[in-house]
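The listed protein sequences correspond, in order, to chains A and B. So the first sequence is numbered by this note's numbering: it starts at 39 and just counts up by one. So the second sequence is numbered by this note's numbering: it starts at 92 and just counts up by one.
Some hints here could point you the wrong way.
Straight-line Cα separation of at most 25 Å, DSS-like style, residue types lysine-lysine; simulated pairs [to be verified]: (1) Lys-52(A) / Lys-145(B); (2) Lys-194(B) / Lys-47(A); (3) Lys-145(B) / Lys-95(A); (4) Lys-52(A) / Lys-82(A); (5) Lys-145(B) / Lys-194(B); (6) Lys-82(A) / Lys-47(A); (7) Lys-95(A) / Lys-82(A); (8) Lys-47(A) / Lys-95(A).
Restraint-style ranges between C-beta atoms, simulated for each label pair [claimed, not checked]: (9) Met-65(A) / Trp-131(B): 14 to 24 Å; (10) Ser-107(A) / Asn-109(B): 16 to 26 Å; (11) Asn-136(B) / Ile-50(A): 42 to 52 Å; (12) Asn-136(B) / Asn-68(A): 34 to 44 Å.
Here are some of the chain B residues that sit facing chain A, going by a computed Cβ distance under 8 Å [to be verified]: (13) Asn-129; (14) Pro-130; (15) Thr-144; (16) Tyr-160; (17) Val-181; (18) Gly-195; (19) Leu-198.
These are computed hints drawn from the structure, not numbers from a lab. Yeah, the Cβ is synthetic: ideal placement off N, Cα and C, and Gly gets one too.
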Amino acid sequence: NAGVTQTPKFRILKIGQSMTLQCTQDMNHNYMYWYRQDPGMGLKLIYYSVGAGITDKGEVPNGYNVSRSTTEDFPLRLELAAPSQTSVYFCASSYLDSSYEQYFGPGTRLTVT
Amino acid sequence: GIQVEQSPPDLILQEGANSTLRCNFSDSVNNLQWFHQNPWGQLINLFYIPSGTKQNGRLSATTVATERYSLLYISSSQTTDSGVYFCAVVSSGGSNYKLTFGKGTLLTVNP
């Protein structure tokens with residue numbers, strides 16, 4: 039199993055551009071999550087999904103959109119990128135059970151200038 | 092929402108020393124995980140430990156759920172142990188399964 043994979047690893051965007059961060063998991067997990075990590079801080083939840091077709095907002099959803107058309111994929115879309123979205127983005131997934139143990143991808147480092 | 096506090100915020104060790112990192116949380120939890128974020132930014136799962144004690148090589152962790160704290164022990168530290176250690180929990184009272192992270196402990200192990 040590859041686990042949770044994310045692409046790209048790094049990206050530089052200009053203000054106002056858009057992009058999609060890709061996340062795929064091959065563990066047949068129902069739950070998937072997007073977090074962002076700002077310098078010197080812990081991670082904050084942007085969006086999450088409990089299954090294909092179902093998504094919901096986390097703590098910091100503004101400026102982002104998600105979709106979940108398959109169990110495996112959970113892309114995160116940035117519309118009209120702003121410098122405040124400069125961060126490291128992590129995707130995670132977990133089983134549909136009471137443990138909620140989450141497995142993280144390697145992250146995408148995004149800079150908006 | 093649930094609060095997660097980690098201590099100490101920073102720790103400097105000589106190689107070979109032992110250390111204990113602490114995580115306090117403000118509510119009952121379904122999940123508690125310890126992560127190591129290495130200097131390249133990767134988040135590495137260390138333990139899933141909502142209660143009890145686990146050991147993995149030089150690392151071990153104990154969670155006392157009734158007293159709302161967890162401890163991560165690192166023995167015979169190595170320079171490769173350097174990085175940030177995060178504690179993260181899923182609150183039993185929450186409905187969105189999210190992990191709430193502490194601010195982390197920055198560990199530096201000097202040769």
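Proposed proximity, Lys-82(A) with Lys-95(A) (alpha carbon, max 25 Å): Holds, at roughly 12 Å.
Verdict for Met-65(A), Trp-131(B) (Cβ pair) under range 14 to 24 Å: holds (23 Å)
Given hint Lys-47(A) paired with Lys-194(B) - CA-CA distance at most 25 Å: OK: Lys-194(B) and Lys-47(A) at ~24 Å, within 25 Å.
25 Å limit on alpha-carbon distance, applied to hinted pair Lys-145(B) and Lys-95(A): violated (33 Å)
Given pair status - Lys-95(A), Lys-47(A), alpha carbons within 25 Å: holds (24 Å)
Range agreement (Cβ of Asn-109(B) with Cβ of Ser-107(A), hint 16 to 26 Å): Since the Cβ atoms of Ser-107(A) and Asn-109(B) sit about 49 Å apart, the hinted range of 16 to 26 Å is violated.
Interface hint compliance - Thr-144(B) to chain A, C-beta minimum distance less than 8 Å: violated (17 Å)
Distance restraint between Lys-82(A) and Lys-47(A), which requires alpha-carbon spacing of 25 Å or less: holds (19 Å)
Hinted contact Val-181(B) with chain A - closest CB pair below 8 Å: holds (5 Å)
Supplied distance hint 34 to 44 Å, evaluated on CB atoms of Asn-136(B) and Asn-68(A): violated (19 Å)
Outcome for the supplied range 42 to 52 Å, where the beta carbon pair is Asn-136(B) and Ile-50(A): violated (29 Å)
Status of the hint placing Leu-198(B) at chain A (closest C-beta pair under 8 Å): violated (15 Å)
Going down the numbered hints, you'll see the structure goes against 1, 3, 10, 11, 12, 13, 14, 15, 16, 19, while the others check out.
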